[in-house]
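Based on these hints, arrange chain B on the given structure of chain A.
2 protein chains.
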Amino acid sequence: MIDLTSPDPTSPVLAIDIGGTKLAAALVEPGGRVAVYDRVDTPQAPGLDADGLWRTLESLLDKLVADAGSPRLAGVGVGCGGPMTWPAAEVSPLNIPAWQGFPLRERLRARYAGLPVRIHNDAICVAVGEHWRGAGRGRGNVLGMVVSTGVGGGLILDGRLVDGASGNAGHIGHVVVDPDGPPCKCGGRGCLEAVARGPGLVAWAQEQGWRPGRRDVTGVELAADARRGHPVAIAAMRRAGRAIGIAIASATHLCDLEVAAIGGGLSQAGALLFDPLEEAFRTHARMEFARQVQVVPAALGQTAGLIGAAALVFAADRYWSAD
Amino acid sequence: MIDLTSPDPTSPVLAIDIGGTKLAAALVEPGGRVAVYDRVDTPQAPGLDADGLWRTLESLLDKLVADAGSPRLAGVGVGCGGPMTWPAAEVSPLNIPAWQGFPLRERLRARYAGLPVRIHNDAICVAVGEHWRGAGRGRGNVLGMVVSTGVGGGLILDGRLVDGASGNAGHIGHVVVDPDGPPCKCGGRGCLEAVARGPGLVAWAQEQGWRPGRRDVTGVELAADARRGHPVAIAAMRRAGRAIGIAIASATHLCDLEVAAIGGGLSQAGALLFDPLEEAFRTHARMEFARQVQVVPAALGQTAGLIGAAALVFAADRYWSAD
Chain A
1 MIDLTSPDPT
11 SPVLAIDIGG
21 TKLAAALVEP
31 GGRVAVYDRV
41 DTPQAPGLDA
51 DGLWRTLESL
61 LDKLVADAGS
71 PRLAGVGVGC
81 GGPMTWPAAE
91 VSPLNIPAWQ
101 GFPLRERLRA
111 RYAGLPVRIH
121 NDAICVAVGE
131 HWRGAGRGRG
141 NVLGMVVSTG
151 VGGGLILDGR
161 LVDGASGNAG
171 HIGHVVVDPD
181 GPPCKCGGRG
191 CLEAVARGPG
201 LVAWAQEQGW
211 RPGRRDVTGV
221 ELAADARRGH
231 PVAIAAMRRA
241 GRAIGIAIAS
251 ATHLCDLEVA
261 AIGGGLSQAG
271 ALLFDPLEEA
281 FRTHARMEFA
291 RQVQVVPAAL
301 GQTAGLIGAA
311 ALVFAADRYW
321 SAD
Chain B
1 MIDLTSPDPT
11 SPVLAIDIGG
21 TKLAAALVEP
31 GGRVAVYDRV
41 DTPQAPGLDA
51 DGLWRTLESL
61 LDKLVADAGS
71 PRLAGVGVGC
81 GGPMTWPAAE
91 VSPLNIPAWQ
101 GFPLRERLRA
111 RYAGLPVRIH
121 NDAICVAVGE
131 HWRGAGRGRG
141 NVLGMVVSTG
151 VGGGLILDGR
161 LVDGASGNAG
171 HIGHVVVDPD
181 GPPCKCGGRG
191 CLEAVARGPG
201 LVAWAQEQGW
211 RPGRRDVTGV
221 ELAADARRGH
231 PVAIAAMRRA
241 GRAIGIAIAS
251 ATHLCDLEVA
261 AIGGGLSQAG
271 ALLFDPLEEA
281 FRTHARMEFA
291 RQVQVVPAAL
301 GQTAGLIGAA
311 ALVFAADRYW
321 SAD
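As you go down the protein sequences, you meet chains A and B in turn.
Under the UniProt record's numbering, the residue at position 284 of the first sequence is numbered 284, and the numbers go up by one with no gaps.
Under the UniProt record's numbering, the residue at position 41 of the second sequence is numbered 41, and the numbers go up by one with no gaps.
Everything labelled a hint here was simulated from the structure, so no lab data went into it.
As the structure is a prediction and not an experimental result, all values here were calculated from the model.
Ideal Cβ positions, reconstructed from N, Cα and C, are used throughout, including at glycine.
Among the hints, erroneous ones may be present.
Stated by the list, open to error - Chain A regions said to be covered by chain B (calculated; three or more residues, Cβ under 8 Å):
{"no.": "1", "region": "144-158"}
{"no.": "2", "region": "168-182"}
{"no.": "3", "region": "185-195"}
{"no.": "4", "region": "248-258"}
{"no.": "5", "region": "284-294"}
Just chain A, same shape as in the assembly (with noise of 0.2 Å):
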């Protein structure tokens, strides 16, 4: 007798991550494979809605599903950008201005009745994947960082993602490196992020005389432009390679991590943010215990948010702690 209450073992999770330049979707399988992967660019249009949005992201998960010969489905995970009320999932994304304290996980459990619909910041199921299936795979304390537009994180300690009071936990990027730094956009000064995210090194290098080709460039242009070998671009590296390299080691001492991994487009820019990342993490990271800590790049590249997100259904014992 088929026990239609719960999901062949073989069922995928319809993987969803949101952000502000692409909406993705993916089935991934329980071992973690991402069996097929579809995206769009995030509409921007200025009169856009929420409910506008809504349609696009509908749509493509509708041919993703229907692509792949509509599976019976394990349940819905997703990443989202932040900040969201948790786990209820109002979500507001800083780069989505259609969605201000949208009911995402109303939506999606309205539209995947029976399942369990699970939505946590994309930063955190960026880390979950790392750790699930990436470069944390097999240890307890991990935290998986994304040095992209912004510095974002998650932690996962004894073993579990751990959440705190709101959901929230892993904000790497504002742990403090420098209390006399730069202004951050949460309104506090020398945060990691402030320091060390792409548009923020990318202004500082243009004050340092770095003259990009093109407008609208990124810290990965500002990357190539390191392995390129010019110089104000290869400080920039350093300049954040130093300040992550100090957030892992405050990390390290409070959490008593095993592994760091870093994700991002940053992190394309290889040893030479890797370099002086190191240096400034064993400069500071002194402690006999967290002196065994491995800083590693991330493993699963443009998919761990994805995987991370079916983690939140398949690994729930780990991963997810709420209704």
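Frame of chain A; chain B shown alone:
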């Protein structure tokens, strides 16, 4: 029929607090009340060997238990100065040269055969005590701190004590508050402890012209002079408060706390410490979720560590993850 294998539900825990200044012990009731208490100065004779110190501890414990009428015990809980291996608790307290790699848990297990014997860092026990029965009671996400000769702490997240990879989570004293700041005993630079530990503050104040009446002064005398209005002592409290506030802001962003509870000798400075602390915290903790955090004095005083040590036995579901 009496089940001899499980203790009477009213049985107390034998709680022990081992530091460089004193050895303290108590019988703590299941509700957290300290029923009987005793202490001796920690012997520091230059020729003292490990077994000599152990015998001093044994005498303290035997007298305490005998004076209380030798009740059946629920277990033995210990807070001990670090570092130590954990959970095996071969202890090497910084301020107890006679014990280097001393097998404290093994000795106590042999002496109290059949009873659970659980040992953790002394600052972690203070944090556990403050969470179980003190300033963090009823909250899920609490940082407990001790600001004294050193700066230590413990971290309760999602309702459970965080141990980390090696039982060292909670080392807030080595969160970096000033990357170019004073060298720290750990080998790093600009750690909270390097700035805010009592001896560091005393040295700083003396450089600034503070002339205490006697030698061997500590942060407690400095705090007392601050209360009397000495401007350098007040500036020292401000310096410590600012550093503590920055470290708590970083911890809050990383861990999404609800309460930070601060104990230890320096906290006796009251508003002279807590006002600049609060100001620095509010300057740097600007994310909306971080602004909810309450920074408060610890509630339990000198017995916090004993009460926390007892909680390792009485509330193992929250505070004891090891064997």
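Tested hints:
1. 144-158: holds (count 3)
2. 168-182: It holds, with 12 qualifying residues against the three required.
3. 185-195: holds (count 6)
4. 248-258: With 9 residues closer than 8 Å to chain B, the region 248-258 of chain A meets the three-residue bar; holds.
5. 284-294: As far as the region 284-294 of chain A goes, the hint holds, because 8 residues have Cβ atoms under 8 Å from chain B.
Going down the numbered hints, you'll see the structure goes against none, and every one checks out.
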